[in-house]
Amino acid sequence: MDSVIKIIPLNAYIILSAVIFCIGIVGVLTRRNAIIIFMSVELMLNAVNLLLAAFSSYSGDANGQVFVFFIMAVAAAEVAVGLAIIVMMYRNTGSVDIDLLNKLKN
Amino acid sequence: MITLVILALVGLFLMIAGLFDISRKAVFGVAMTGMVAALAGNLYMWDKVPMAYFNRMILIDNYDVAFITAVLGVSMFLFLLSENYFGKIQNYLTEHYALYMFSLVGMIAMISFNNLVMLFIGIEILSVSLYILAGSEKNNLSSNEASLKYFLMGAFATGILLMGITLIYGASGSFYLSGIEQYFTSGNELSPIAYIGMFLVLVGMSFKVSVAPFHFWTPDVYDGSPTFVTAFMSTVVKIAGFAAFFKLFYICFSSVIHYWVEVVSVLVILTVTIGAMTAITQKSVKRLLAYSSVSHAGYMLMVVLVGADADNLMFYVVAYSISSIVAFSVLMLVQEAAGNAEITSFEGLAKVNPLLGFAMTVSMLSLAGIPLTAGFMAKVYILTSVFNAGHGIVVLVAILTAMVGIYYYFKVIIAIYFKTATEERKLFTYNSSSLFKIVLFIGIIAIIVLGICPDIIHNLI
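Chain order of the listed sequences is A and B.
If you count the first sequence from 1, position 26 lands on 170 in our numbering, and the numbers rise without skipping.
If you count the second sequence from 1, position 292 lands on 678 in our numbering, and the numbers rise without skipping.
These are calculated hints, taken from the structure and not from any lab test.
Yeah, the Cβ is synthetic: ideal placement off N, Cα and C, and Gly gets one too.
Do not take every clue at face value.
As the list claims (entries may be wrong) - One side only, chain B facing chain A, incomplete, derived with CB under 10 Å:
#	residue
1	N526
2	A541
3	F561
4	D606
5	F796
Just chain B, same shape as in the assembly:
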């Protein structure tokens, strides 16, 4: 809980600090210090007896500590790359930082919830901050459009989720996870509104984590938002969303798994297929990464489908987040130099700037799931557990679409290594600080190390 309080206070402090004239470095320092302190407070909870706070609305055990660590670690990693992004913001700089802090507060609430009220509040704190961040480039029409679409779809999904929560409350008489679990395991005949509630909750959560067929807002929102916000949404937010999704279904609904397992397996098949098929035709790397995040959501949903092995989910989100962040950081630099995110802007990158070319290649290999990278091991773990649970068709479809995935990820690699840059593009300077290089370096090493000895993170929870 100390994590939650620290981040909320840092957010409030930053909003007030906006009144005074504070240097950019100081603001960045305060935000980073706050996150480090929150992470320390969180790690202190590791391997303790599960602690309950706020009238048992929040319950923190090892599962929550692990996912909160992932969320905070990945966002700190991302913040180290934020120099160019925050450097361009002229007005309301501290408010931007405060919004990131508040969205982290929301994520922590939704990861460690023990009561559906807390889940709802966490999702809303997170979403409302993100609506603003998506539209933070006020004069850019695509950013406006992304923000409005995200807002309308997000509010709609919230309505559906709330109806689901209400119907479950009506049937079970409790908002607490333990009360709902008791109702579903009691063996009495379940009320029909409990089933409807369960499916509405499934739909609402699928909207939030962009699972097909409820993913249609994702490409537009990810494409239109500022690239840094897109990186934040497709990594950190996804970790929190799936942590909540898995926890809810694992604790509450696993005793009636036979009612929803087929629905979820159809969702998985649709998500991996649609994500891969629509990514093929994309010409913009940003949009390609958006579709790839949809198909990766399918893999994460497989853990919900199996209904066990939180370790696999943990490993997958970490591997996916690191690979994505490396890809997005190269994309940010290329986009700044070339002015657009098209694949053609990456042509000949290996000759002009070998480090960026190599980093992008490693991250693409990891996202595609080529052996010796973290992405490969993550896929192996998940597909093995899905196969053992008896969903052979899901595994088959996943492997076929992963092959399609290799095609479009390699399109970027081919552009980097085998095409030559135009004369004009050879003169681009990629504005990367030494901090940037260090982070890219750590990212590349982490991808390879996790691919060779995955046990560092796997089997932790």
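This is chain A alone, in the form it adopts within the complex:
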């Protein structure tokens, strides 16, 4: 498996992950729909996962790949809680637009 990953140089993985990560950040900052923001956060986490797997293969150290499993498990738990919160919001306001979240500002 290592050889397949190592066909591509490490810098390519770093750049790809950085690009995906930045797309995620821009998504979080510009989108107004709670579910799309949430998807952008997942994109950021997956960029991290990809980079961890690449680093781990290149240094021949399994710790990084084990950490990927931890991130996946925690992200799944977060999805469960997060979607529940969004559903709760939708039941009370009938929308998932975060611009409606201005009750506390005033």
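For chain A, the structure is supplied; the task is to place chain B on it using the hints.
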């Protein structure tokens, strides 16, 4: 580690106990017993040889024991005041308790971490529990809003923190603190991704402990959550967050301090200034306390800036937590009687209920940092060490903003003593049990005693 296991088991037990018909008193008793047992197990570790668990992912030395004691002690103190809060919960009572237990598990993991994986897992266990607790008033729109904002911002911060951890791993090849420390102290030229990783970790942790300019979620989340949850978040969670923040930077990055010291000092200046300036215009005491927690976060960050003296951090978080809890407990009672948290609801409180008025005054004085209170000594210790480390400008800004702070804390005191209550408000009954009074009393005494002889806690670690 026994602390961690006890709390996790009590949490699981409480979740299962929800299936059966158990009285409220029994549930409260189980939770308190669990915390006392965990505290005893933790204190047993004091002054022993540092112990490693879980393949050295957790390492417990005196620093960790001290902060875990602070976290457990403050949350027990807070739980004694929880009668009104838990009394109002109709459904899923045991699950609420279980979530508090799980968040304590997360905090202990993030205080005693020796591996960045454990730090991440601890932060996540804590955060996921708090997202639910912030939104626990399901039909209250502000609570929903607080929960969703906290969740989106928290998940975003987690992503940034993880990217930082990954880049540091890529550069140093290890998740262990000792491995990272070795990489940074080796004297070889550091890889650029190590620096980027360090700054992303700084940003991620700043989000979690609400340091400006990453604090913008704090006022809304603290304002919208149920007041008891707000008290929990702004005291206990802050202790754990800063314990982890300080440990990470002290162990891993102190050898490259010249790269981040200026960034952190700008963060400190921004935090104390923004916290104080935005608190001036607040009309709600709850929101005022939220902003004050932001400016206090600035003082705690100063300890990270100096990169030494964990004693000062310990003393500051204890002094701040006790003062805040006294303030929040009075706020909870006033809010229940008056129906809102506005400053006007506090007018004439001293005549209607002298004990509550006095307790609020003492805690406000301590938060403002007036001499003879714990808050004053805490500020003195931290500012002295910052000054000795050569950050004169930071000290100057901190003192100026502390003066601004006196203005808005005294607004509450003036309302309590020098305004008269409306006829309607004179008839309010403040529903405080004897337990409540005892805790308020202990809180007031602790603030004054710590202000006069701070050595009880200081110099302990």
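These are the hints, each one checked on the structure:
Nearest Cβ of chain A to the Cβ of B:N526: about 9 Å, under the 10 Å cut. The hint holds. Annotation: B:A541 was flagged as interfacial toward chain A, and the flag holds, the nearest CB pair being 5 Å apart, inside 10 Å. Evaluation of the B:F561 hint against chain A yields a held restraint, the C-beta minimum of about 6 Å falling below 10 Å. Interface hint at B:D606: satisfied, since its Cβ lies 4 Å from the closest Cβ of chain A, which is below the 10 Å cut-off.
Contact between B:F796 and chain A, as hinted, is not supported at the beta carbon level, the nearest pair being about 26 Å apart and thus beyond 10 Å.
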